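Using the supplied hints, reconstruct the complex from the two chains, each of which is provided in its own coordinate frame.
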Amino acid sequence: MNSREITTQISKAADFLNLKKWDYGASFSNDYSVQVDKGEAKQLKASQKQILTIRVWNQSNLVGITTTSDISESGIKKALKQANIASDFGNKNESTEFSPLAKDPIKVKEVKKRNPVGIKKLLTVLREAEVKLLESHESIKSVPYNGLSESFFERVYANSEGAFRSYSKSQAALYLYARAEEKNKKPRSSGSVKLGYGADDLDIESCIKEASNKTISHLNYSSIKTDKYLICLSPESFLTIINAFSSMFNARSIIDGVSLSNKNSIGEKLSTEALNIYDDGLHEKNISSTPFDGEGTPTKRLCLINRGRIENFIHSESTARIFKTTPTGHAGLGSKVSVSPDWIVVEKSDENFDLKTLLVHSTYEGEFVYIEELNAIHAGVRASQGSFSLPFDGWLYKNGKKISIESATVAGDIKYLLKNIVNIESSQEVTTSGISPHIWVDELSITGDA
Amino acid sequence: MLSSQIKSNEIVFGSCNKDLLEEIIFYGIGLGADFVEIFIENTDNSSVLAEEDFITSVSPSFGRGAGIRIFKGKKDGFVSTNDLTKHGLMRSVSQAIEMLDITDNKRKVFNGLSKHRDYSLSKKKWINEVPSIHEISEKLLVSTKSLKKNNKIITRKGSYSRNLQEVIIASSDGTYVSDIRLHQTVGLNVIASDAQYRSSGSRRFGSSGMPNEFRLWDHEKAANDVFESSMNMLYADYVDAGQMPVVLANKFGGVIFHEACGHLLETTQIERGTTPFENKLNEKIAHESVTAIDEGISEGSFGSLSVDDEGMEPEKSVLIKDGILKKFISDRAGELRTGHKRTGSGRRQNYSFAAASRMRNTYIAKGEHSKEDLINSISEGLYCKSMGGGSVGATGQFNFAVEEGYLIKNGKLTNPVKGATLIGEAKEVMPKISMCGNDLELAPGFCGSISGSVNVTVGQPHIKVDSITVGGR
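Listed in order, the protein sequences are those of chains P and H. In terms of my numbering, the first sequence opens at residue 1 and continues consecutively. In terms of my numbering, the second sequence opens at residue 1001 and continues consecutively.
The hints are simulated quantities; they were obtained by calculation from the structure and are not laboratory data. Mixed in with the good hints, there may be bad ones.
[Claimed, not checked] Listed next, the in silico SDA-like pairs over lysine to any residue satisfying Cα-Cα at most 25 Å (straight line):
{"hint": "1", "chain 1": "P", "residue 1": "Lys121", "chain 2": "H", "residue 2": "Asp1034"}
{"hint": "2", "chain 1": "P", "residue 1": "Lys120", "chain 2": "H", "residue 2": "Ile1102"}
{"hint": "3", "chain 1": "P", "residue 1": "Lys78", "chain 2": "H", "residue 2": "Thr1085"}
{"hint": "4", "chain 1": "P", "residue 1": "Lys183", "chain 2": "H", "residue 2": "Thr1085"}
{"hint": "5", "chain 1": "P", "residue 1": "Lys225", "chain 2": "H", "residue 2": "Gly1242"}
{"hint": "6", "chain 1": "P", "residue 1": "Lys141", "chain 2": "H", "residue 2": "Thr1085"}
{"hint": "7", "chain 1": "H", "residue 1": "Lys1371", "chain 2": "H", "residue 2": "Lys1409"}
{"hint": "8", "chain 1": "P", "residue 1": "Lys132", "chain 2": "H", "residue 2": "Gly1393"}
{"hint": "9", "chain 1": "P", "residue 1": "Lys186", "chain 2": "H", "residue 2": "Glu1283"}
Owing to the predicted nature of the structure, the values given are computational and were not obtained by experimental measurement.
With the rest of the complex left out, here is chain H (with noise of 0.2 Å):
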């Protein structure tokens, strides 16, 4: 078959596909929409699951979809669909416009696709280059033996999975994108009894962009951590509740950032009205202490990308300097409903979400404390070691689960203690992070808000927060 037939007739990945979209975008343009918008991918992915010394599954997926975004105004028709044919793309396009009921006659002006920012050129080989399932599973079964310590260990996992995301992204302002996208995790999990008590313990690491990562993988560090962890929670007491001073650990520590405050600085919270920062621009927000940043740019990090999902390449954000908010994270529709610049942070799971403003390595730039300083500061509170996941209401009302914490007493780690849960307030909250650790880390992680999932780091050096309440028992 000819390319060029291909090429008129259905999107073919790795081929020159200008000309189909550029029939599209005209198609939606002379329909009357202000903004057309194609999203279109092919993913390749697969996860592999040990347990004890067996491998119990292997899950290979692939799939292929397009998102077609039209705006009019100020709203938007988003329709996705599995069909890439140029009939099926055109009657999303149709569908779309229908959905809007678009009828005025003003149209846009379309002047063609800009010239193709291919970022995938150096990414094609990374197929190719990422472990096979062989080797996945042999380091795997190496990592859940090495869990083996001692005989109150009941369970052991380990799970790897790898996403290998092709996009096209090409819009009626010319934008014209191709990328490849790679996520590999590594997860070690363990249940640790003795009697009555019981305790867990997991470690997550993830990279983006790096196709030899997983071989790097140090696991017998992760194991020992992993290990350490559910032992020194084992015979753990529930922490009593109450209001107390805390010291958040460093890499995903950074949880409390992310849920306290950075969900409330993505632009999609303005347009709902539900944060309480909207009018705060150059006021301030957080204890002096704190400088705060959004970026995709760090190399490895999970939430690093070479473009977002909108085609835009991503800017490192300082969204908070020395306490002062200085920007908002903001995408494409977040630009047009509350006027706040795109900033490269337009995201989705897949085809089947519409971009919106997520958050990409955000974390808390150091200080210049160090641990044992914020932890001396403190005659009786809490050390939150290991962080569970938490989440952000719609009132700004957070919490997070402490997975490992430990009793401070007299400026000196003390007994462990679990079942403890922060909760608090962002706006409440942030003016009480008073001193900030010089041990930045970043950790992995995966959040899920309007558009999917997403990949994310969240970060931060050792931090104290004055007062929160800790629930507990």
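Here chain P stands alone, though its shape is the one from the complex (with noise of 0.2 Å):
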């Protein structure tokens, strides 16, 4: 069945059990990808999935869900009746209605789907690219984690008043992971990862360049003294903090009491007024954009922090409904809808007078930290209490020279990080989870074994 007539058996269906308001939203992929081992085919995947999450309101209104992999006549059947099971427990505390928005145009990007180039193209220039990773340098011993893949897929989203968006687009990835090996010292990684509309759109060779040049920058390497330093964060670490702290825009968060902001926080200061973050699912750049979310509502770009202080939340259609405003795209369709940002983008506002901007990572002379990547976030944020403490890859420079810190953890608080904001550099780099530039941090504590 195609998108179209799933949304014919899901009415009939419906109409059959005499369910009168329906939603759902449904994904069709298919993903194709390869590992290699030392020139060697490692393992090869090719999936077919699909997905299909039904909602029902029941006569009290209130709301049932089932998920379901089975999009047959009878899968469709079964999953309507069981949301309408689930929907005698459905959430009498806090209602859920279609999103205002989920007819309003939606603003697709250029159709960049691309057509598939196959397992044994992938597997070639996978090979290929492993080759010139081991042959970049002689330290370089293996790749043990790598990938390539393309994906192809479909989003849809319809409800019983007649919304129906369906968009459909294609991805490429491609990571090498590097290892190196010297004698009389411990073995080093890193890597780097790229995306693309398509494996030809790939940019291979400075994929192999940065894993090469950030694995071999770690061979040397040195234990660092716990104190606070003067910390330089690249915009992928500082990122991945914004993204693993995002419960402060986040208005489900907020509602739910796990936010560390507050129904009234829209304009409270955060951090100097040199900062504005947005979140902009269509950024050009966002290879991953999706021109809807779960509820149908149209992604957008959204202001979360101007000046320094927030100017906005991500909502849901519940939410927005709460907070007297309208949902912003940010939607996850589920029995509790789930609000997430799209893409984050971090640039320098025009009110930056008070930047210390000979801070620039590449010219500085004096000592600092910087943190290039920020690890294990599931177990060292927690964004609740507004606190971290994560391992990290990174140098210290010093006289001049940089050196790879061994084995060591950046602690702090996220208000304290974002208020202690030095400098903000002029040019932002893209990363796959949004685009920043590099950000300077003052007075964060480091631990490490020296």
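In structure tokens form, the structure reads like this:
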């Protein structure tokens, strides 16, 4: 069945079951991926997946939901029946409705859907990439984590009031994670990830170069003394932190009491006036963009922090209604509708007079710690308390030299971090989770072994 | 419709699918595969969330799918699909064969499937024995109400999930197995707040194959435990960073072994060349006080299973005996690629993942000391009463968060401290586990890795690590 036929099938089955109000979200995907090990194919994968999530409203306007991978006529009927049963337990404390924007026009970026290149070509490309990476430096002994994949998928949202949205796209990903070994030293690892609309769009050479350069740059390492340091966060690591604490901008988290913000936090000063943060799922550099969310609300650019102050929260239909505003396109379809950011854009505002602009990671000659990548976010972030303690990959810059830091953690508090931003570099870099310049923070605690 | 007609065209759970499965495997072998494995799954899951005094989410789900794995030499092709018809499964076999670019004419022999090993016979009634949504909801609401012990508790949550998975596994070595797996988990979470102070507390409980277990769950005890933990931590200071001796509590304290060492004993790590223990079999890798076990047979434990996802019954594997490395955790691909015999540890989240060597119930065996012996032996250090999650990197470096910690001074527990992270490397930390308590207990968890998220238990008695890096402020 295609998406129109599924909608018709659901409509018919709902009529049969006397269910007047329903909506659904579905995704259909075909994925292909390869992994290699020293020139040999290791695992080649293909998958065909379909997921359907149906919500129904009962006569008391309570919502029930069911998710299934069985999109047959009988599967759809069963899902509707189960959802109807679940609606008896619907949340009486907080109602859910269709998004008022579910029929609004959506902005679809220029269609960049590619055709599959096929497993054989993926394998050839990855084999060549592995060889080049291994040959790039004598200390790189293996590429233990590697993969090249391409995915083709369609997302659909429809409801019983006639809303229907469908979007199909393609995406490819390459990751190379190298391991370097030298005598009497610990092995060191680092890597790179690249995304593209199709396998032919991937910047393979720069992925190889990045993985190699990063790995080699960690070969000479040393422990760091436990202390407070001036920190330069790479674009990737700053975005990791912002995403980890995005509950500060999340209306769902605020209602649930797990956010550092509250309903009255709009306008609260969080950081230097030089900081602007947006959520911009439709950004031209966002390969993973989708034009509507799980409730069918159009995706849009939204300012979260304007000149250091909270400007907006991200919303679903129900949180927007509670906050007396409009949905922002950040909902995930579920029994309890989730809210999450799309793609974070960090930039320097025009109110940047208090920044220490001499702090530029490529030229600054004083002592600082450069944090390239933060690890183990799920273990080291306490979003509801605002604290973090995270292992990281990075370097200590001292006396004009840089040395890789062995086995260290950075710890702090998100509000402290934002308030202590001392520079926002001018040029932004695109990452897989957003776009940001390098961000400098004064006085964060680093724990090391030295 | 006649059952024979159904059998010939589509997989039907609860029926004999032998002819169809054999036909598909013959097809793969005929096309030149060395080995063909079919994993078919039918799931019926539900989850319930209670927040404060309301049920805020009830999420049933069901689905089905198949994962087809073809080996040629040491490489494998894996295809997953929701199409369980004969046509769909054969198309998946063809796709896997095509991916592997099999062209040679050397054919393996397939002698048909062996006698059906049906582990599901006594388990078919489980679906009718598990608690209803209504029963679950009522108990969760009582549980969240029990958490409302003072006005500093600002968020109360109770969650339950039940996963019922019916599987059929057939492969060209004759394996033909059916099973039903039941996993239930229930968790409580609170956030406490007072002025600028905030803390959280959480506990999770879980079982496998015990439909009545949720009814027996002592929610009062769990609520008291979570409440006390959050209150103890509410005004805690941040821990000072540094190197120090630590005592790790039993139950979920076992995450240190899981992360620091267990993952490095999976054959997938040997395949990648990312374990420092690859050539250390029968060598000392840990303190002589350490004996470590991975098994899938403890009745009701979250990581237990009747048969693994490759059709092998799980064994009890002594990984480390008195500090000496004795065994790796292995699956079919691990045996093929590394030579380590399978241990009944081939596991996957669902049909869309190929099985890989994964831990089950993994724990450090009990020693002879009391908890007090361990604490009394430290003049200044950290007691980690409750652990958060953790991870291990490509070079063996691990980290995990301490949810509830207390300073140890002169052999006594003193102030609560927060914000601690333990970091280190397995190779360096394992020899430093110098004392093991006599109070082994297991705790359920979810482990994410190459073949998805699988149910496991971690466990240990109280243990003392002589020195470890504690990240803090």
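Pairwise hint evaluation, H:Asp1034 against P:Lys121, where the allowed Cα distance is 25 Å at most: holds (23 Å)
Pair hint outcome, P:Lys132 versus H:Gly1393 [Cα-Cα no greater than 25 Å]: holds (24 Å)
Given pair status - H:Lys1409, H:Lys1371, alpha carbons within 25 Å: It holds: about 15 Å lies between the C-alpha atoms, which stays within 25 Å.
Distance restraint between P:Lys225 and H:Gly1242, which requires alpha-carbon spacing of 25 Å or less: Holds, because 9 Å separates the two Cα atoms, which is no more than 25 Å.
Restraint status (C-alpha distance of P:Lys78 to H:Thr1085 at most 25 Å): Judged against 25 Å, a Cα distance of about 19 Å means the pair holds.
Pair hint outcome, P:Lys186 versus H:Glu1283 [Cα-Cα no greater than 25 Å]: holds (20 Å)
Restraint check for P:Lys141 with H:Thr1085, where alpha carbons must lie at most 25 Å apart: violated (45 Å)
Pair hint P:Lys183 and H:Thr1085, alpha-carbon separation not exceeding 25 Å: violated (55 Å)
Pair hint P:Lys120 and H:Ile1102, alpha-carbon separation not exceeding 25 Å: holds (12 Å)
When the structure is compared with the earlier hints, violations turn up for hints 4, 6 and for no others.
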